[in-house]
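J.: Residue numbers (the numbering used here), protein chains in the order written: chain U, 1 to 447; chain W, 1001 to 1103.
Source of the hints: derived by calculation from the structure; they are not laboratory data.
The beta-carbon is built from N, C-alpha and C at its ideal position, and this holds for glycine as well.
Misleading hints may appear alongside valid ones.
Chain W is faced by these chain U residues, among others (derived, beta-carbon under 8 Å) [said to hold, decoys possible]:
| no. | residue |
| --- | --- |
| 1 | Arg256 |
| 2 | Gly386 |
| 3 | Ala390 |
Reference listing, derived: stretches of chain W covered by chain U, where coverage requires no fewer than 3 residues with Cβ under 8 Å from a Cβ of chain U [what the hints assert, rightly or not]:
| no. | region |
| --- | --- |
| 4 | 1019-1033 |
| 5 | 1036-1042 |
| 6 | 1045-1057 |
| 7 | 1079-1088 |
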Amino acid sequence: MSAWFSQRLRERGGALAMQGPWGDCTYADLERLWQAARADLQALALEEPAVFALVGEHEPAAVAWLFALAEAGHAVAPLAGNLAEHPGKLAEVGAQWIVTSTGRAWKLLPRVSEPSAHPAFGALRQQGHAGLVLFSSGTSGRPKVMVQDLTVLLATYAERRLNRLPVLALLGFDHIGGLNTLLGTLAAGATLVVPADRSAAAVAAAMERQRVAVLPASPTFLNLLLVSGEAVTRDLSGLRVITYGTEPMPPGLLQRLRAAFPRVRFIQTFGTSETGIIRTESPDPASTYIRFVDPATEWKVVEDELWLRSRTQVGGYLDARDAVGKFTADGWFRTGDKVELGPAGTLRILGRLGEVINVGGEKLMPAEVESVILGLPLVLDCRVRGEAHALIGQAVVAEVVAAAAADQEQLRAAIRNACRRALAAHKVPTRVSFVDAVSGERLKKIR
Amino acid sequence: MVPFTRDAAVRLVLARLALLGQELGKPALAQADEQTRLFGEASPLDSIGLVTLMADLEEDIFQATGRRITIADEKAMSRLTSPFRRVGLLADHIVELVHSSHA
């Protein structure tokens, strides 16, 4: 990976690679940071590949470490979002080292409790390939850990044509979509623009300032951009392409977006943590039908569910129990996405089969939230589900059986605050209803 | 049913904002008025906060009127000026929803 990317860094030299709250970072700056990260890594004198947690966002130090770890054949687990979720993730992945990135600076710490890498990394190690560890929400409330071949993934960006279109980074550094934006932008020698935060206001301000041309976003974010009025009050005339994915696009929203941005091209993207990003076409920009045009990916529809098989597929889940029912023996991945076939080899994503809740493109399983709520003393039982919401796609709804002594108003606030402390923001229930009994059973409160 | 007035809607929204302010540790929400921004630049709420406000208000309105409404509906989404931008606009929207709903 290092050869073509080193060359790209040198070719682009003084051009702006990244711009964000920490300032401007040129391709030459990024190369220097990469060298410094490489030196720190070499100083550890590791005899065999290790597992590194990389705590950070889209920022120069985190990118430098991603490259340094990839070229040295280590496994990298990017961690972003709520710190309270990190200890569980570190334990699941068995990270041996932690790099914490802040802007251009970093700290490197050993994690003494983990003497050796998980055996699931063995296959990558034998090939001398680096690993990319991604997390998704597990059914038991425990995060599901997936391992991708980072060396193969990075090679897919080597052939990118150069362009100078500034791209906005919206999805996180720990999200396959966010990493795809980062790698695609740098491979093209363009500028990645990182907003101060992910609110519509901060994103629109960054887009205006840097004349962002490409906005990869979820339909929910695009809806919020319209509803907040930022699309009108900010000068977004630099915008040329909006790519959207991670959740279904409501047809009414696409119409409103096309009216608000008449000169912008809309392209639907598709990817999963398990298979990576898949190249697609949107044959009719006014419709939400897409066509897969990725030579590395096969697809089929089985009982309304989309199945995928791809070259960038994960080596597997770290815990073999997680793979049960998700992968077939011949390598097909059941996405859990309900789809509909359209004309001329196209298809349309309708939503999720099963329990996964998709809040504005960020997914969660009910059990993660239920386990937090059941930990509160005045809660006797609870059930969490997704509910359609016109603003954010789906909202998290909790039905709670409370002890007779509970003040419902106070308990509602306590439930949401407990979730705010323990979970990423999108997992916090927006609606908490009190009921006499919940239907079905998943987790049982142990008393 | 007692007619549900715009004043009543404004009072409900402001009371609920004050409670949400306590919950979120944002006491400034107790000082909100009709002009307060609910979403977008200079708003104290993020998108999840706004959806939380809507959910609690739907419950408050059910308690007050016996009617179930959905504040974020397709009609609200397709308006040129979003009813979610300011407290006053949200109150207007709620009154309209209550009056067009069936008990």
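J.: Look at each hint and say if it fits the structure.
T.: Outcome of the hint check:
no.: 1; hint: Arg256; in the structure: 6 Å, holds
no.: 2; hint: Gly386; in the structure: 12 Å, violated
no.: 3; hint: Ala390; in the structure: 4 Å, holds
no.: 4; hint: 1019-1033; in the structure: holds (count 3)
no.: 5; hint: 1036-1042; in the structure: holds (count 4)
no.: 6; hint: 1045-1057; in the structure: holds (count 9)
no.: 7; hint: 1079-1088; in the structure: holds (count 4)
Violated hint: 2 only; the structure is consistent with all others.
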